[in-house]
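Protein chains: 4
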Amino acid sequence: MEEFKHEHPPTPRTREEKDKVINRLKRIEGQVRGIQNMVEDDRYCLDVLVQISAIQSALKNVGFAVTERHMQHCVSDAIQNGDGEEMIDELLTVLKQFSK
Amino acid sequence: MEEFKHEHPPTPRTREEKDKVINRLKRIEGQVRGIQNMVEDDRYCLDVLVQISAIQSALKNVGFAVTERHMQHCVSDAIQNGDGEEMIDELLTVLKQFSK
Amino acid sequence: MEEFKHEHPPTPRTREEKDKVINRLKRIEGQVRGIQNMVEDDRYCLDVLVQISAIQSALKNVGFAVTERHMQHCVSDAIQNGDGEEMIDELLTVLKQFSK
Amino acid sequence: MEEFKHEHPPTPRTREEKDKVINRLKRIEGQVRGIQNMVEDDRYCLDVLVQISAIQSALKNVGFAVTERHMQHCVSDAIQNGDGEEMIDELLTVLKQFSK
Numbered sequence: 240m241e242e243f244k245h246e247h248p249p250t251p252r253t254r255e256e257k258d259k260v261i262n263r264l265k266r267i268e269g270q271v272r273g274i275q276n277m278v279e280d281d282r283y284c285l286d287v288l289v290q291i292s293a294i295q296s297a298l299k300n301v302g303f304a305v306t307e308r309h310m311q312h313c314v315s316d317a318i319q320n321g322d323g324e325e326m327i328d329e330l331l332t333v334l335k336q337f338s339k
Numbered sequence: 240m241e242e243f244k245h246e247h248p249p250t251p252r253t254r255e256e257k258d259k260v261i262n263r264l265k266r267i268e269g270q271v272r273g274i275q276n277m278v279e280d281d282r283y284c285l286d287v288l289v290q291i292s293a294i295q296s297a298l299k300n301v302g303f304a305v306t307e308r309h310m311q312h313c314v315s316d317a318i319q320n321g322d323g324e325e326m327i328d329e330l331l332t333v334l335k336q337f338s339k
Numbered sequence: 240m241e242e243f244k245h246e247h248p249p250t251p252r253t254r255e256e257k258d259k260v261i262n263r264l265k266r267i268e269g270q271v272r273g274i275q276n277m278v279e280d281d282r283y284c285l286d287v288l289v290q291i292s293a294i295q296s297a298l299k300n301v302g303f304a305v306t307e308r309h310m311q312h313c314v315s316d317a318i319q320n321g322d323g324e325e326m327i328d329e330l331l332t333v334l335k336q337f338s339k
Numbered sequence: 240m241e242e243f244k245h246e247h248p249p250t251p252r253t254r255e256e257k258d259k260v261i262n263r264l265k266r267i268e269g270q271v272r273g274i275q276n277m278v279e280d281d282r283y284c285l286d287v288l289v290q291i292s293a294i295q296s297a298l299k300n301v302g303f304a305v306t307e308r309h310m311q312h313c314v315s316d317a318i319q320n321g322d323g324e325e326m327i328d329e330l331l332t333v334l335k336q337f338s339k
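Chains as they are written, first to last, in our numbering: chain X, 240 to 339; chain B, 240 to 339; chain G, 240 to 339; chain C, 240 to 339.
Just so you know, the hints here were simulated from the structure itself, not pulled from any lab data. Keep in mind that a hint or two might mislead.
Note: identical chains are not told apart, hence a pair may lie in one copy or across any two.
What the hints assert, rightly or not - With a Cα cut of at most 20 Å, we get these calculated SDA-like pairs of lysine to any residue:
(1) 339 / 286
(2) 257 / 276
(3) 244 / 320
(4) 257 / 282
(5) 257 / 279
(6) 259 / 277
Keep in mind the model is a prediction, meaning the values are calculated, not measured.
Build out the structure end to end from the sequences listed, making use of the hints.
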């Protein structure tokens, strides 16, 4: 795992915040299983590809939700404590990878 | 589901071809569950984002494997039967979505 | 430059095909100059970023137009001559890079 | 043009900052002209596609440089003035488009 400034968000996620992200990931998990069945049923290649695109889009949205929470809490708190620069650099490094 | 020229590949996938794709999807399914646990354990946002990027990359590779098989079989067979143009058009439509 | 099977398309582009692609690239060239002026005029960062996204989208469309022509001519001709496999492999290698 | 909170960065770009971005954009402009010549010379489709990918990558890097400057100045200043939330929202809206 990369070395970041924190192992956990300085402001812990609430139960509600956790459930919101976990439920979206559970739906994605179900979609991945769905594609396994499509391949097992020898469904047409392009139908499979369309489903993979749908999961990519859902994953990207989860990633941006995590990014937003990170910016609104971790990065904002660090900036208010005068320690924002490093937090912005590490976020951009990850966003470059995430936006490929 | 979009309307494509086929419901199933004209040349059915072999058992080996199916297992190869399904096993990769099962690994991705496990990775998605792994992120659920990271969120449950309140792991740092950027660690979660790095894992999401890893899944996106794995999914993209599965998508290109499906695309390659489609081009080597379905599209090639159609071209040899003089019926390639439509197959190329529908593939490009899906690739534009997949490459977002 | 990568080593591909051809230096030129086996079926040369028509004058009309060339002009179509070159005109789109000229518009993109103008958009890039437009962003230089925005930066010179110290326009807001997000306005600049929106324009960069517009160019990325225009470039992607040019790339897919080139890909479509390639598949309809170079790849199809090779497949009909029984020589399609390598052409499909080299295309997919480039598409993986192009879709990042 | 979208409606953002500012028309210009609250902290104007320095001459050096402007030149850095403009020079990169000038190189990209030259690359776009280069592709026009490749098409005029009927160069192989995949060589053209490789060059388009190179420009996409260069553009993405310029976009992230603009984003970094925006976060280090505009967003950070707003957060320190207790006005960060809206700035983060508008940035994420643009980043979602930019990362397509």
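Now the hints, each set against the structure:
no., hint, verdict
1, 339 / 286, "between (23 Å within a copy, 17 Å between copies)"
2, 257 / 276, "between (29 Å within a copy, 10 Å between copies)"
3, 244 / 320, "within (14 Å within a copy, 24 Å between copies)"
4, 257 / 282, "between (35 Å within a copy, 11 Å between copies)"
5, 257 / 279, "between (33 Å within a copy, 6 Å between copies)"
6, 259 / 277, "between (28 Å within a copy, 14 Å between copies)"
Against the hints set out earlier in the document, no violation occurs for any number.
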